[in-house]
Amino acid sequence: MKIIVTLKQVVDPLTPVSALKVDGARRKILGPPDTPPVINGYDEQALEAALRIKEEWRDGECQVIALSAGTGFDLDVMKRAFAAGADELVLIEDTALDTWDVSFIVRTLAAAIKQLGGADLVLCGRQASDWDNAQAPLMLAELLGLPCLTLARRVEVKGQHVQVERVLSDGIQVMEANLPAVVTVTSELGELRYPPMRARLQAAKRRPRTMTLKELGVTATPPAAVEMLDLSLLQIERDCQFVKGASEAEAGRMLAELLIGGGFIKPQQA
Amino acid sequence: MSGILIFAETDDGTILPNFWEQVSAARQVADPLGGGLRVAVQGSQIKDASDALKSGAEQVYVTNDARLGEPWSEAHLETFTALCRELQPELIILPRTLLGMEIAARLAQRLDAGLAQDVMTMQLAEGKLTVTRPVFGGAASATLRLTRPPWIIVPRTGAFAPAEPLSTPKGELVARQANLVDDALKTRRISRTRQTSKINLERARVIISGGRGLGGPEPFQLLHEIAERMGAVVGASRPPCDSGWVDSGMQVGLTGKTVSPEVYIAVGISGATQHMTGCSSSRVIVAINQDPDAPIFRMATYGVVGDWKQVLPGFCEALA
Ligand SMILES: Cc1cc2nc3c(=O)[nH]c(=O)nc-3n(C[C@H](O)[C@H](O)[C@H](O)COP(=O)(O)OP(=O)(O)OC[C@H]3O[C@@H](n4cnc5c(N)ncnc54)[C@H](O)[C@@H]3O)c2cc1C
Ligand SMILES: Nc1ncnc2c1ncn2[C@@H]1O[C@H](COP(=O)(O)O)[C@@H](O)[C@H]1O
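Chains A and B supply the protein sequences, listed in that same order.
The opening position of the first sequence corresponds to residue 1 in the working numbering, with each subsequent residue numbered one higher.
The opening position of the second sequence corresponds to residue 1001 in the working numbering, with each subsequent residue numbered one higher.
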């Protein structure tokens, strides 16, 4: 069993808007200079899904490879994949990969997957928190000609199939696909395990494998189907009117009265 | 390549209300684009396909098939791709639902089309389509140019006011076959469990949402009680959904539902951009949070700094 997990390095999505900056020329969002990037949250969860599958196999029978395309990798951050239990970490680094062009990223990931000899299962996050596209895994599946199941909170390999529990907006759907397949993971799956100290120390000593666009034979072919013309931060602020009372319960009562008085809410007749 | 094709998603055989927002987006560019409007309705036991003619479409293609009665993306995608290949539309508009977003991405790869998800505004000039959309969890806005057709767009829920249905539609209904070969499909449905009560957050007038600050599933009972007293619907931020305190269908935000009620009351929610992007167009936002520095107070109209355990009983009493 060979599982490839795609990881994207992103600016921490919990950075307050006031601490973000836009690099106008490169149409990029920058975090504060002293804060490290993170592995996209859903991708960590995809890694967790892979590690849970690996636990079902005997030692050496299931291999988990983490794969990332990007630029300016923070190795301490990316090596957390090793610490958590990935067998290999493959980084494709090139400034050209810092792009809005999903199709280019997808062609790069597909080429790398082929270079790695393919996979039985490709696990991805449901979306990356920088551009919120939720596109790459679906396009990757199309390009590789693989079935794709999305929004999994549980992923189970059963012989030649993968079974997932999908979280829909109104319930749960269980779906199955033939292997090899692409599966995207959602937050209900749970957090990536926190590795013990020993694993973290060992991970620090390990080296990622690197691949170049040239080796993979991938080039950006402009004009891209979608170009970013402009990027700006949104500061949605309202003047908050604080409701204060003699006690917190009193403030709650005053708040309700204010909303009723303003015609915003209406008490229902019992 | 010419004209506009709308994918009308159905649920239980009924076209989703998103359809009229898609029509509104289509009407914005229909004149300069030319080529007319067509609609694809896919589902099982479709009841109201003729309503789609009131969009002004020349043809409404109706594909009725038991396998299209669920958000099974492969079945829908294969069916819709065949139609797109036949009609060669210049612009394709899908609804911002889990199914719509997924078909959009895979179709973009199949048709080598430019795709923009979560579109707020749209403009056509000199043969190029320019759109704006939020990115980075709603912290920023990007202006994108879709360089060459075909174009695929997924309008943000609520960004385009629903279009007015025409009183005298002129178009025709065209029945189609799904042409799905079960053995050729690579994915299979095993089962589906739906929530018994259909809560419609997207169209609610008043919403009261709970966050991680509620500390567990039980306090949501109190939210339901309060909601009942003021005719509201209960929502949640992501942590209560991830922790299984409440159904994931209640999640508001970037990866949950986009809502725009008259009043949005957030209890024990810090106000992360990924949550606020789902409710920022509410007319009034009310925050109850014990931390005076919580970011939500910068986006709220009214706020109470305090422990919900004290504040909510007072609030509830005033509704009696
Ligand atoms: C790509 C991506 C997509 C996401 N999508 C979504 C989404 O769709 N929806 C969503 O909600 N989140 C989403 N998130 C997560 C989001 O970033 C936040 O982590 C989340 O919204 C935080 O939820 P919260 O405010 O309930 O919890 P917290 O941030 O932990 O805040 C809890 C709040 O409760 C307050 N509190 C605690 N105890 C009390 C008390 N007794 N009385 C009053 N107040 C109290 C605290 O002061 C605090 O402000 C997404 C994140 C990413 C990266
Ligand atoms: N540059 C990348 N390197 C590795 N994985 C990626 C990259 N871009 C996207 N992905 C994967 O695709 C998912 C969806 O990304 P997106 O379509 O950008 O929202 C992410 O959660 C990742 O798992």
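No lab work stands behind these hints: they were computed from the structure.
Backbone N, C-alpha and C define an ideal beta-carbon position, used for all residues, glycine too.
Among the hints, erroneous ones may be present.
If you want a taste of the chain A side facing chain B, the calculated C-beta under 7 Å gives, among others [to be verified]:
{"no.": "1", "residue": "V17"}
{"no.": "2", "residue": "A25"}
{"no.": "3", "residue": "I29"}
{"no.": "4", "residue": "L30"}
{"no.": "5", "residue": "L97"}
{"no.": "6", "residue": "G171"}
{"no.": "7", "residue": "A220"}
{"no.": "8", "residue": "T221"}
{"no.": "9", "residue": "E237"}
Do the hints match the structure? See the list:
1. V17: Status holds, d = 5 Å.
2. A25: violated, 15 Å
3. I29: holds, 5 Å
4. L30: violated, 11 Å
5. L97: At about 18 Å, which exceeds the 7 Å cut-off, the nearest Cβ of chain B leaves the hint on L97(A) violated.
6. G171: Holds, about 4 Å.
7. A220: violated, 14 Å
8. T221: Violated - the Cβ of T221(A) stays beyond 7 Å from chain B, reaching only about 11 Å at its closest.
9. E237: Holds: closest Cβ of chain B sits about 5 Å from E237(A), inside 7 Å.
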